[in-house]
Every structure is written in structure tokens, then in C-alpha cells.
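K.L.:
Here's the letter readout for the chains.
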Amino acid sequence: MYVYTDFDRAFVHQRAAQFRDQLDRHFAGRLGDEEFRALRLQNGWYIQRHAPMARIAVPYGELSSRQLRQLARVAREFDRGYGHFTTRQNLQFNWIPLKQAADVMDLLADVDMHGIQTSGNCIRNITSDALAGIAPDEYVDPRPFCEILRQWSSLHPEFAFLPRKFKIAVTGAAEDRAAIAWHDIGLQLHKNGCGEIGFRVYVGGGMGRTPICGTLVHEFVAWQQILVFIEAIVRVYNRYGRRDNMYKARIKILVKAEGERFVKQVEDEFDAILRLDAGGDGQIIPREELDRVAACFTLPPGVAPVKSTGDGAPADAPVAYRKWLERNVQGHRLAGYRAVTLSLKRAGQAPGDVTDVQMEAAADLADRYSSGELRVTHDQNLLLPWVREADLYALWRAARDASFATPNIGLLTDMIACPGGDFCALANARSIPIAAQITERFDDLDELYDIGDIDLHISGCINSCGHHHSGHIGILGVDKDGAEWYQLTLAGSDGSTLSGGLATSAPGKVIGPSFAADEVPDAVEALIETYRRHRAASERFIDTVRRLGIEPFKTAANAVRRSTARETA
Amino acid sequence: MRFIDTQQDPWRPVEGEDGPNVTITPAPQRLLTLAQWHAVRAQWPRELPTAVAVPNDAAIEDLAEDLPRIALVVLHFPKWTDGRAYSQARLLRARYRYVGAVRATGEVLVDMMPLLSRTGFDEAQLRADQGREAAERALHFFAGHYQADVHEQRPLFLRRAAA
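Line order of the protein sequences matches chains A and B. The first sequence begins at 434 in this note's numbering and counts up one residue at a time. The second sequence begins at 10 in this note's numbering and counts up one residue at a time.
So here's chain A without its partners, still in its complex pose (with noise of 0.2 Å):
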């Protein structure tokens, strides 16, 4: 993990002292509503349906047991016991008051943590590869890339109020894990010809209510150049995007729009950078400073590649165990090492939810089987990096005590969900509800395992927390007359490779008028038993919609109708 400088450190607690000098303003009257709230936005607070929202920054999903205890305990302390983890790896609570939010930043701040940039028209939180850096199928890894990018954009002055918010995935893998083509910059690291490192430039992809996938501005930017780069994108946005309308105010419209002109444009600013401006060159990056970085990336202590023991599974080891293996665990670049995912959505609580308890219990797991590290992923799950093959089944029954062993990763019930109209005063309509439902009538193992590899996706509302665009089966609530509907989606693919890579990222297609909430459990059913009478033998459910198409999918979804039946017909 990335180890903070003493500079790194006091940058944090000097945000904070600025953060208590605004809110402190606030609340003695010489800060008003309006003002206060784009400034609480870019340290991460919105106020939400009940009480303020903190969205606490997890830099690329690198997250330490030091570092979720003190999440654990906010979580205790200011909070009603629990936290969110997002598909931007970021953290959120949901209960603490206004007044404690400057002791809850210094608190963070004690473990190099902050929201900065977790929201606002500004560039935000740089996700990447739950699997960065022990990825098999990794080039480069992509993570000290992620920390240069996010010093380079933390607090950068020109660039805090710009059109809308600014969204930045990088990989380095050849599995595309983080969704970059939905990002408004996607970064793909590779190798050219020479062996040389750079990077694949993705713009103006993004959800909301004009889904669009990313398109390749640049093929090749050397790694020392990315900065410049990004930084002659985010320019020509700031100054060209639109702002008379929050709808079109993201770059993807700008792109869409000028095309051509707009990969001439970036061009021809990252040229003007380089030749023209003081300091211009002063942004390359040096050697030196990757080789500072990458140095935090190396393996933590005490983790060398051993022998392979296997799955390290005893001969009367049970049948969820194996089920587990088959699910939760995942390849590693390191012989003998294994990834292991805790899976965070089980019945009974909403997906990417935890406790404190859970909270101290992954730390714990952690520490006794990751060499104290641990990954927030996109699909809103946490991961252990660094386990030992001979560890697995010890950590697995350790896993299964503290409730996070549901061997249900990538399958129906690992379904990606957004907190919704329970907590988000944007939402439309409930997603928490909907997942507790699916989760309830899928809730056979046995059934699960015979769907198979899917990804259903949740948002309460267009502006697509949920990522439902890219789900196989999308979910989206909408509000008519006051009440809660839901438009259902087929064939959305991130740039996973189930869903067919990067190049087939695109948004699903609506199938047909919302249904009313309890028919959305049943619609789900009519969709995956359609794949089940229909499927190829060991077709996916993707791979089955592609082939026949959505017209049977939404004929059966259709049948379902009870409430809505009516206006269908």
C-alpha cells in the first residue's frame, strides 16, 4: 500500500482544519446553506433524506485493517453502527450529525483518510482494479499510477469547479475490472512494440440519463505524459464544456458533440502545455518519482512466492467450502498466493453493507491472513490480496463465523446496489427493498449456481449510482404520480470479459414499460428462467440474451404483469 509522507499527512489534517473553519462559519451564520454546500460537497458531505451523508475516500480501493478499525470506529461513535461500500470503492455513512462532521475528518485524518473530492464538479476519487498489482493477467500495475493521479488531482486549483463531476478508472490488466469505459477518463495501461509503458486514453464515457461508453482518444500516451494529458482534457472541458444545463454538463456530451474536434482540441492543448507554458515540462514525470511510488507497491513483508500447497482443502472438507473455492477465491500473480473475496451481500442485509462488528471482523481477517490489507471492489464486495493457498481453508471457516463466506461472487445475488430511496434524497424509488426480495427468492445455492455467472445491477434513480446501464439485467426506479416503478434492462455489459471485454461495454436496453414493485421479483424470475429453457449448453445468460435477442426476455417479463398489465396491453 501507499505509505503517506509526513507532507501527505499534514495535507490531510490541513484539509480538515480548513473543513472545521467553513463549517464552524456555517453554523455561527456567516456561511450560508448555498455557499456551504458546494464546499462540505468536496470534502464528501451531502445531506441526504435523514441526516448528512459522508462518502469517505478510498484511493483505489487500497484500504488497511488500521484504517477500517477507525472506520469501524466512526461507525460506532457518530453513526447508528454501520457503512456503504460503493462501486467507486468508496465508504458512506448515513447518520452522523453536521455538528461532529470536523471531528470525524480529524479522526480519519489520524489514519491518512479524508473525503476529499468524494463529490462535487470536481475530479473525484480515482478508482481501479480490485486485483491491481496480483492480478495474473496484469501488464502493469496500475496502482502507483492511481496515487501520482490522485496527488496530481487533490485540491488542483483550476480544475474544483468545473462543468460536473469528473470520474477517472485505470487498469492495467488484460481484463478490463474497473469499468473504465463508463468513466469520463478511462486509463488502459500497456506495452507497445518497444516494451515502453503507456497508457490507452478512454473520454467521455458515463451513466445518468445519456448512457455512453467512453471513446479512445489516444492509443499510446507515455506514462511520463499522462499528466499532461490529462490535465489538456480536463482544460478544454473546463473551459468548453456546457454549463447551462446540469443534464449536459458532463464531458461525454462535450465529446459527443465535437467529435474530432474535441480529440484536435486536447491535442492540440497538450502540445501548447509542453511548448509553451512555465513549468509546462515541470509535469513529466520522472523516473525517480514512479520508482518513489512503485516503491510502496512492492510486497508487503513477509509475502514471498512459496511452493503451491493447492487449494489446501482436507479430504472431508464440506461441500461449501469447495463451493466457496469456486467462487470467492480468485487467481494470483504469486505462486502460492490466492485472492480472496469476503462477499458482502447476504440475505438479511443490504448489498455492500457492514456493521462495526463486520467492520473489526475484516480487519481481524485481515490481519491474520493478508498481511493487513484489504481491497474495496467495484461490485461493492471487500478482497483479501495477499492469502496464502495453506491458509484457505482457515480463513474460509473464519470468514464463514463472521458472515462474509456466501459463496455467491458474480453470481445473481452479487448483484451491484445503490442505497436508494431508504437514504438518497435524490432516488426515485427503494432499491435496498428490490435486492432484499431477489435475494430472498434466489436464495437456493443449488439454483444459483445452475444461472451461473451474471451481473444484475440496482439504481434507484437515473443518476445511475447503481450502475444499472451496465448490468446484464438492469434495474432503474422511477417515480410516476409519487409512486415507486421500476424499468427493467437487458444485455448491459461492463468491460468485464463474462460480458464480453472492453469493447463491448454498452447500456442495456429498456424492455418495455416500469413495472410496479412487486412484480420486479417476478420479472427477474420470468428473465432467468427464459435464459434456463433456452441457453446452449454452458452458455452464459449474456451470451443467450445476445444470441436470441430481447424479444423472448421481455415477451416472458411481459406475462408477469399484474398491476401494470393493463396499460401494456
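In short, the hints are calculated from the structure, not lab data. Be aware that a few hints might be false.
What the hints assert, rightly or not - If the Cβ cut is set under 7 Å, some of the chain B residues that face chain A in the computed set are:
| hint | residue |
| --- | --- |
| 1 | H47 |
| 2 | R50 |
| 3 | R93 |
| 4 | S96 |
| 5 | A103 |
Given the structure is predicted, the values throughout are model-derived calculations rather than measurements. The beta-carbon is built from N, C-alpha and C at its ideal position, and this holds for glycine as well.
Here the structure of chain A is known, so what remains is to put chain B in place on it, guided by the hints.
P.N.:
The following block gives chain B in isolation, referenced to the frame of chain A:
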């Protein structure tokens, strides 16, 4: 940062006249709109420094050639959350090496001070309800930053390497 008291400010706009069709008599301490400046720049005495107010959607590049004749560039924040003028200021300083004054007007709030200062503004006309003391304080929360800015042309990684 110099805080501007409009009562004391020597720069005077050409009131009641707008657009390129009016005649503006060259005089010291004129604050012209960009449109006015474009109308008179060819005739304006080269030794007579002037001030030009630039809207935040104007291409700052178009002013580049005239910068040696301009003593003050006034940039505008129609809303404080509209960050376009930060890019204009940064370009004035870093790309066009402009050494005259750069002033922030419009909705200028104390919490913008660090951003204004780092992108090259050296004058701020605070919105009437904003306190100068809080603005001064806002400038001093951070001992340093990661990126380069107009005051510190080296990002942290180069400063560290040089240390």
C-alpha cells in the same frame, strides 16, 4: 492578494457605452470591456496602459498579443461555482507570461482565495457580504500543495527531488 475597495479603485469603466460603435477617448485608468477594447485597440496609444474586463467564456488567447499594453485583466465569476476564469488566469500567467494584475470580480467568496491565488489572480473584489479577515485566513490553511501553480512552478515531486 490585494482586496479591492471599489470606492478607492482608480480604474474607471466607460459608463453608459457599450459595443464597438462608440468613440472612447483614450485616457489613463480606463477599464474597458473586451468589446470596447477590440474597437479601440488599433488607435489606442501604445504607452497608455489600460484595463480590460474579459467575460469568462471569451478566448483568452485573443488577448495574447495585446497583453503588454494591458495593466490589469479583470476576470469574472458570474457564479462562484463557475470555474472557467481559473483556466483563463492560469493561461494568462503560465502561457502568455502576463505580469500585469489579474483581478477576480463577480461572485467572489472567501473560500475561493486559495484557488484564485494559485491560478494567478493577485486582486480580488470580494462580494459585499464577504469578510476580509476570513479571506486572509483562507489563504493560509495549507503549507504546500502537490501540483505546480503560478507561484511554485515545480510540482511536489520536483521540489522533493531538488531538496
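K.L.:
Decide, hint by hint, whether the structure agrees.
P.N.:
Evaluated hints:
| no. | hint | result |
| --- | --- | --- |
| 1 | H47 | violated (20 Å) |
| 2 | R50 | violated (23 Å) |
| 3 | R93 | holds (6 Å) |
| 4 | S96 | holds (5 Å) |
| 5 | A103 | holds (4 Å) |
The structure does not agree with the numbered hints 1, 2 stated previously, though it agrees with the rest.
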